[in-house]
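So the chains spell out like this:
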Amino acid sequence: MELQLSDTMRTALDGLSDAHGDQVVEIRQSSSDTFVRVKRGAIVEVCRTLKEELGFIYLSDIFAVDRFTSEERFEVVYNLVSLKDRLRLFVKIRLEEENPEADSVYELWPSADWFEREVYDMFGVRFRGHPDLRRIYMPEDYDYFPMRKEFPLLGIPGSIELPSTTPDTE
Amino acid sequence: MGIESAMGEGYFTTKLDTLVNWARSNAAWPMPMGLACCAIEMMAFAGPKYDAARFGSEVMRFSPRQADVMIVAGWVNYKMAHAIRRIWDQMPDPKWCIAMGACASTGGMHRCYGVVQGCDNFLPVDAYVSGCPPRPDALLHALMKIQDKIRTEHSVMLDT
Ligand code: SF4
Numbered sequence: 001m002e003l004q005l006s007d008t009m010r011t012a013l014d015g016l017s018d019a020h021g022d023q024v025v026e027i028r029q030s031s032s033d034t035f036v037r038v039k040r041g042a043i044v045e046v047c048r049t050l051k052e053e054l055g056f057i058y059l060s061d062i063f064a065v066d067r068f069t070s071e072e073r074f075e076v077v078y079n080l081v082s083l084k085d086r087l088r089l090f091v092k093i094r095l096e097e098e099n100p101e102a103d104s105v106y107e108l109w110p111s112a113d114w115f116e117r118e119v120y121d122m123f124g125v126r127f128r129g130h131p132d133l134r135r136i137y138m139p140e141d142y143d144y145f146p147m148r149k150e151f152p153l154l155g156i157p158g159s160i161e162l163p164s165t166t167p168d169t170e
Numbered sequence: 171m172g173i174e175s176a177m178g179e180g181y182f183t184t185k186l187d188t189l190v191n192w193a194r195s196n197a198a199w200p201m202p203m204g205l206a207c208c209a210i211e212m213m214a215f216a217g218p219k220y221d222a223a224r225f226g227s228e229v230m231r232f233s234p235r236q237a238d239v240m241i242v243a244g245w246v247n248y249k250m251a252h253a254i255r256r257i258w259d260q261m262p263d264p265k266w267c268i269a270m271g272a273c274a275s276t277g278g279m280h281r282c283y284g285v286v287q288g289c290d291n292f293l294p295v296d297a298y299v300s301g302c303p304p305r306p307d308a309l310l311h312a313l314m315k316i317q318d319k320i321r322t323e324h325s326v327m328l329d330t
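Going down the list, the sequences are from chains A and B. Here the first sequence is numbered in the working numbering, starting from 1 and rising by one per residue. Here the second sequence is numbered in the working numbering, starting from 171 and rising by one per residue.
Some hints here could point you the wrong way.
[Said to hold, decoys possible] Over 10 Å on every C-beta distance to chain A, these chain B residues come out as not near it, computed from the model:
#1 E228
#2 R255
#3 K319
[Claimed, not checked] Cross-link-like lysine to aspartate or glutamate pairs, in silico, DMTMM-like; alpha carbons within 20 Å at most:
#4 B:K249 with A:E140
#5 A:K92 with A:D143
#6 A:K149 with A:D103
#7 B:K249 with A:E72
#8 B:K219 with B:D187
#9 A:K84 with A:E118
#10 A:K92 with A:E140
#11 B:K249 with B:D263
#12 A:K39 with A:E96
#13 A:K39 with A:D7
#14 B:K315 with B:E228
#15 A:K51 with A:D66
#16 B:K185 with B:E228
#17 B:K249 with A:D143
#18 B:K249 with A:E118
#19 B:K249 with A:D61
#20 B:K249 with A:D121
#21 A:K92 with A:D141
Hints listed in this document are in silico derivations from the structure and should not be mistaken for laboratory results. Just so it is clear, CB atoms sit at the ideal spot from N, CA and C, and this is done for glycine as well.
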């Protein structure tokens, strides 16, 4: 399908292809949002260009998708905003099921700290170079990743402890 | 006791029970455990429009040491459950518990791995309030139910 791009978005995407043309896998649009999928190893460089040269200074969110496929099962999505041009761009990478690992963009946006921890907590995607990759919502000794598709909605009985109902007595 | 032979077995202690229960039931101080949207309705319950002061329960205590009724308002997740139980254990006896709203009573719409499916899994609940969110007057009703319960208790006689 022909892309329907605004002039500012076209300029931004042209700038991205000039700098990293061989790293861009696909560009598509859905619900008037633009998605750029890049090769997994290039994410930091792509983000650096977007931030430092093309005006996408604000990292609004990072989230992940479990595609539940045998190849490239996980997708990590970076939601970038250019305040100057009033644009929103989604950058995606795909990761394998076996030991999913991506490079951290913490050095570009310190706000990536908690976003990446959340993705790690929910999907088990590890971020190389993250300063403090710990769980953020689930208990630290929790064994599962709740947003993976095979995880039962109601959780695994007994996997998180409830408080004891007999109070401690001295 | 001389009065017992004059007025019948247990007369004095049952009347003392009534007095103590009357005092307790009209001074049930809530420990607000506001965890989600229901907590907003709980604030209205204490505010001037619904006026829990009519029932002696306007004194929201943010310390477990001075509270009698814990109102669990909102959904309880597994991590928070431990804090709630600790506060409950710190409240002095006798104490009562209200599960306010669908979430506190059953997990409500949060049918998922992180939310305890009903706070009665780790707390002894005396009154459940239905609804999402329940109106403040429903919470007043639960409070009155607890007052009824307190009034029919044997608080002195069993202490002997
Ligand atoms: S019962 Fe409804 S209003 Fe109350 S905490 Fe649950 S979702 Fe919120």
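For which of the previously enumerated hints does the structure constitute a violation, in increasing order of number?
Checked against the structure, the hints that fail are numbers 2, 5, 6, 7, 8, 9, 10, 11, 13, 15, 16, 19 and 21, while the rest are satisfied.
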